[in-house]
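S.K.: The residues making up each chain are set out below.
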Amino acid sequence: TQLLEQSPQFLSIQEGENLTVYCNSSSVFSSLQWYRQEPGEGPVLLVTVVTGGEVKKLKRLTFQFGDARKDSSLHITAAQPGDTGLYLCAGAGYGGATNKLIFGTGTLLAVQP
Amino acid sequence: DVKVTQSSRYLVKRTGEKVFLECVQDMDHENMFWYRQDPGLGLRLIYFSYDVKMKEKGDIPEGYSVSREKKERFSLILESASTNQTSMYLCASKKTGAGGYEQYFGPGTRLTVT
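One line per chain: the protein sequences are L and A, in this order. Quick note on numbering: the first sequence equals residues 1 to 113 in this note's numbering. Quick note on numbering: the second sequence equals residues 1 to 114 in this note's numbering.
Hints were generated in silico from the structure; no laboratory data involved. Bear in mind that the values here come from a model prediction, so they are computed numbers and not experimental data. Treat the hints loosely; a few may be bogus.
[To be verified] Which residues of chain L face chain A? A few of them, derived with a C-beta cut under 7 Å, are:
1. Pro43
2. Thr48
3. Gly106
[To be verified] Computed cross-link-like contacts, BS3-like style, restricted to lysine-lysine with a CA-CA straight-line distance of at most 30 Å:
4. A/Lys57 <-> L/Lys59
5. L/Lys56 <-> A/Lys55
6. L/Lys70 <-> A/Lys55
7. L/Lys59 <-> A/Lys55
8. L/Lys57 <-> A/Lys55
9. A/Lys57 <-> L/Lys70
From the three backbone atoms N, C-alpha and C, an ideal C-beta is built for every residue, glycine too.
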């Protein structure tokens, strides 16, 4: 069974601080996605990275896919209270397994004003 | 605007009851998924369907069954609910094909089995 470990599991920071969330696996993925989930809602897609070494930026969020396609990171610059939520990474396999995603264990972020 | 809806946001059932969770998507997606979400465990796949009447087991199918009679609707059935099935249940849909990587989620059903 493929596993995706996220770290840290919990993070509580002050507004304006920077942070990085890590997503690691021993498996290789064809693509990797990051989702954010707010309380009482389902996860919403933030970004998909497809190429090893790829870096994507979404305003203050920077996402990187590892060269070996086994890991990813999410960096938030100058965090704001609106960034509070559960961050989930999810990897897709190859061939017929691309329809299924393996989800990480999640990182719960709280940004205090 | 894409939409996945789930029949209930909160549900309380007794041990041994048969429970139906309904999910409907309006995006004409071929693939639909049922997950359960528990703290520290992320989302775990229960079942998914890649076409009408087609289904495949996910990582934790025991105690669950599914039905997909129409493309837009995917039902999760707990044949005899147990307390260890207390959880948040999330439905998702996804289009097949190049660029169809994104899964769209419903708001979830928080099920409590007493």
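S.K.: State for each hint whether it applies.
M.R.: Hints and how they fare:
1. Pro43: Interface hint status for L/Pro43: holds (5 Å vs cutoff 7 Å).
2. Thr48: Holds. Min distance 5 Å.
3. Gly106: Holds: closest Cβ of chain A sits about 5 Å from L/Gly106, inside 7 Å.
4. A/Lys57 <-> L/Lys59: 38 Å, violated
5. L/Lys56 <-> A/Lys55: Not OK: L/Lys56 and A/Lys55 at ~34 Å, beyond 30 Å, violated.
6. L/Lys70 <-> A/Lys55: 28 Å, holds
7. L/Lys59 <-> A/Lys55: Answer violated: L/Lys59 to A/Lys55 is near 39 Å, above 30 Å.
8. L/Lys57 <-> A/Lys55: Violated - the C-alpha atoms of A/Lys55 and L/Lys57 are around 36 Å apart, more than 30 Å.
9. A/Lys57 <-> L/Lys70: Given that 30 Å is the threshold and the Cα spacing comes to 25 Å, the pair holds.
Checked against the numbered hints given earlier, this structure breaks hints 4, 5, 7 and 8; the rest are met.
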